[in-house]
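Sequence order for the protein chains is A and W. If you're matching positions, the first sequence starts at 1 in UniProt numbering and goes up one per residue. If you're matching positions, the second sequence starts at 1 in UniProt numbering and goes up one per residue.
It is possible that part of the hints are untrue.
[As the list claims (entries may be wrong)] Okay, the calculated beta carbon distance ranges per label pair:
id	chain 1	residue 1	chain 2	residue 2	range
1	W	PRO109	A	PRO27	48 to 56 Å
2	A	PRO27	W	ARG296	17 to 25 Å
3	W	ALA273	A	ASP5	27 to 35 Å
4	W	MET435	A	GLY48	26 to 34 Å
5	A	THR38	W	GLY17	23 to 31 Å
6	A	PRO27	W	SER194	23 to 31 Å
[Unchecked claim] No farther apart than 25 Å at their CA atoms in a straight line, the calculated lysine-lysine pairs in the DSS-like style are these:
id	chain 1	residue 1	chain 2	residue 2
7	W	LYS4	A	LYS88
8	A	LYS14	W	LYS312
9	A	LYS14	A	LYS88
10	A	LYS88	W	LYS223
Because the hints were derived from the structure by calculation, they are not lab data. In this text, a Cβ means the ideal position worked out from N, Cα and C, and glycines have one as well.
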Amino acid sequence: MLLGDVAHLRTGDKGDISQISVIAYDPADFPLIAREVTVARVLRHLSGVAVRAATRHELPDLGALNFVLEGALNGGVTRSLALDAHGKALGAQLLDLPLDGDAES
Amino acid sequence: MIDKRIIRIGAGAGFAGDRIEPALELVEQGDLDFLVFECLAERTIALAQNARRADPDGGFDPLLLERMRRVLPAARARGVRIITNAGAANPLGAAHAVAALAQELGLPPLRVAAVLGDDVLEAIATRPFPLIDREGTSADLPAVISANAYLGAGPIADALDQGADVVVTGRVGDPALFVGPLIHAFGWSIEDSSLMGRATVVGHLLECAGQLTGGYFADAGRKHVPGLARLGFPLAEVAADASAVVTKVAGSGGLLSLATCKEQLLYEILDPAAYYQADVVADFRSVRLREVGDDRIAVTGGDGRPRPDSLKVSIGYDDGFIGEGQISYAGPGALERARLAIDVVRERLAIVGVPLDEARFDLMGVDAVDRTGRGLPPREVRLRICARAATIEAAQRIGAEVEALYTNGPFGGGGATRSVRRVVAVASTLIPADMVQPRVIMVEG
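Pulled out of the complex, with its shape left as it was, chain A reads as follows:
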C-alpha cells in the first residue's frame, strides 16, 4: 500500500520552510498513517531535499499530519535558484511512499 492510496496532500511555503499536510481520506486510516509516516521516512523518501530541522504536528480530529521542513527551499522563494522555488511539487512525491513498515530501503 502506498500513502496516496489512503491520504491526500497539500504543500505550502513560508520563507525557507516547506510545509506538507498529509490528510486521511477516511479518518479510520489516521492511526495507520500516523504510525507509518514518520519524519525519518519522509526525509528518506525526499532524499534530495536538504533539511535543517523537521517537525511533525498531529491533528487527530482532522485525521491529518502536518510536516514542517525547515531550510528545505534553498533560501526561500525570493532567493532560490530552483525551478520550483516554492517547492510546490514536493508533497506529490510522497504519494508513493510505501506504508509497509520497514520495507522501504
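Fit chain W to the given chain A structure using the hints.
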C-alpha cells in the same frame, strides 16, 4: 439579544495574477456583503516600491484598476463593499486611482479608504533588528528597498465604520482582510481573542480563493474536480459567533468538500496551535468541519490567545542577479549528452572567469523538481543552468554559454532560451507593535 444576522463575504482573488471572472460571478450571484481581493505576495511590495520611485503615482498592483473596472459597477449596484491589499507600496495613490475610475465609469459617489502605516522603512533604519529567518540583523542586508509590517484587522474595520465602499491597504495579514469586515459588521471586540481566533480560521480558509473550491486539488484517478475550467471562488456565510458555512455560487465549477477544506485549513500553517497574526495567536486544533449540503461545509471551533507584542516585518532588498539558460536533448543518449553539456558549460564559465558561487544544473524530466532521486532515463530532457551573479554582465554570460551549446556543444541540442533577472529578495524580522501606527485616509470619488 442574540444577533442572528449572517454576513456573506467572498474571496475574489487569492494572488496578484488571479482570474477576474470568478470574482464577477461572486458579485453578481453570491448575494455578498463584502468581497476581498488578496493580491500581495511577499516580495510584491519591494517591486512596487521600485515602481513608485520611478512614478510617484504608481507603486500599487497594476491589475487593481482592471479588477475594479470589471467588478465595481456590479458591486455598487448591489451594495457589495470591497477590501483589497492591492495598494502595495502606495495605498493612497491606489485609492485616488480607484475613485477616479469610479467617476470615469459614471458610478455614484464612492468613498475609498486607504489604510496606511505598514511602511516601516524609517523605523527599521533606526537600529539593527534580528532577522527571524536566518542569521544576522536587518543592518546586514545590502540595499534595503522596503520594509512593511503585517497590520491587523483594526484599521480595515475602522475604514468600514467610517463608511468606506472600498478599502485599499498595503501589507496586512491575509486573514485580516476578512476579519476586518466581520469586526465592522458584528461590532466585535478585537480584544476577544477566542473570537479573533475563530474569525481567523474563516479568513484563512478564504484567503487563497480558488484553493478552497477545488483549485490545486485535482489529481486524475484520485481526486476529481468537476468543471475545473469554470472554477468558482468561495464565500463564507458567517454568524455572529464566527462560525460559518463556506460555499460557492450554485452552478459554478469546482468542488467544496471536507477534503478541500482540510487541505486549505493547513495550507502554509506551521504549528496549528500557534498561527501568529497581528491581532491574535490563533489555534486551529479544535476546528470542526461538517458537510451540510452540496458544496457546503460548516466550520466551527478554533480558538485564540492574546495578540503578540511584536509584528512581523518583511524587508525587501536588492540581491544581485540570476542568469539562466535552457536547452533540450532528445532520443537515445539524451541524458548523457545533457550531462556532457553541463560539464562543458561549467568548464567554459571557469575559463572566461565567471564565478559560479551558487549554481544549479538541473535536468528537467529527471531531477529539476523531483527530490526522490528515482527519475528514470527519459526520452527527452531539458537542461537548465541557473546561477547567481553580482553583476548583470556575469549573469548574461550564464545563458550565453548555454545558447552557445547549439554550435559548440554535444549533438542535437535544440530550443535554447536564456534570461537574466534582477533579484529582489525578502528577509523577515519582528518589531514592537507600538512602533507601528496604522491610520485611515478617506478619498471621495
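Inset, instruction - Indicate whether the distance between the beta carbons of A:PRO27 and W:ARG296 respects the range 17 to 25 Å. - result: 20 Å, holds
Legend entry - A:LYS14 paired with W:LYS312 [C-alpha distance capped at 25 Å]: Distance of about 13 Å is within 25 Å: holds.
Inset, instruction - For A:PRO27 and W:SER194, compare the CB-CB distance with the range 23 to 31 Å and indicate the outcome. - result: 26 Å, holds
Legend entry - Proposed proximity, W:LYS223 with A:LYS88 (alpha carbon, max 25 Å): 18 Å, holds
Inset, instruction - Please test the hint of 26 to 34 Å on the beta carbon pair from W:MET435 and A:GLY48. - result: Hint violated: Cβ distance 42 Å, outside 26 to 34 Å.
Inset, instruction - Please test the hint of 27 to 35 Å on the beta carbon pair from W:ALA273 and A:ASP5. - result: 29 Å, holds
Inset, instruction - Just tell me: holds or violated, for the beta carbon distance of W:PRO109 and A:PRO27 against 48 to 56 Å? - result: 53 Å, holds
Inset, instruction - Below or equal to 25 Å on CA atoms is what counts here, so check W:LYS4 against A:LYS88. - result: 41 Å, violated
Legend entry - Pairwise hint evaluation, A:LYS88 against A:LYS14, where the allowed Cα distance is 25 Å at most: Cα-Cα ~11 Å, so holds.
Inset, instruction - Could you check the hint for me, namely that A:THR38 and W:GLY17 are 23 to 31 Å apart, CB to CB? - result: 38 Å, violated
Violation of the numbered hints given earlier is confined to hints 4, 5 and 7; the remaining hints are satisfied by the structure.
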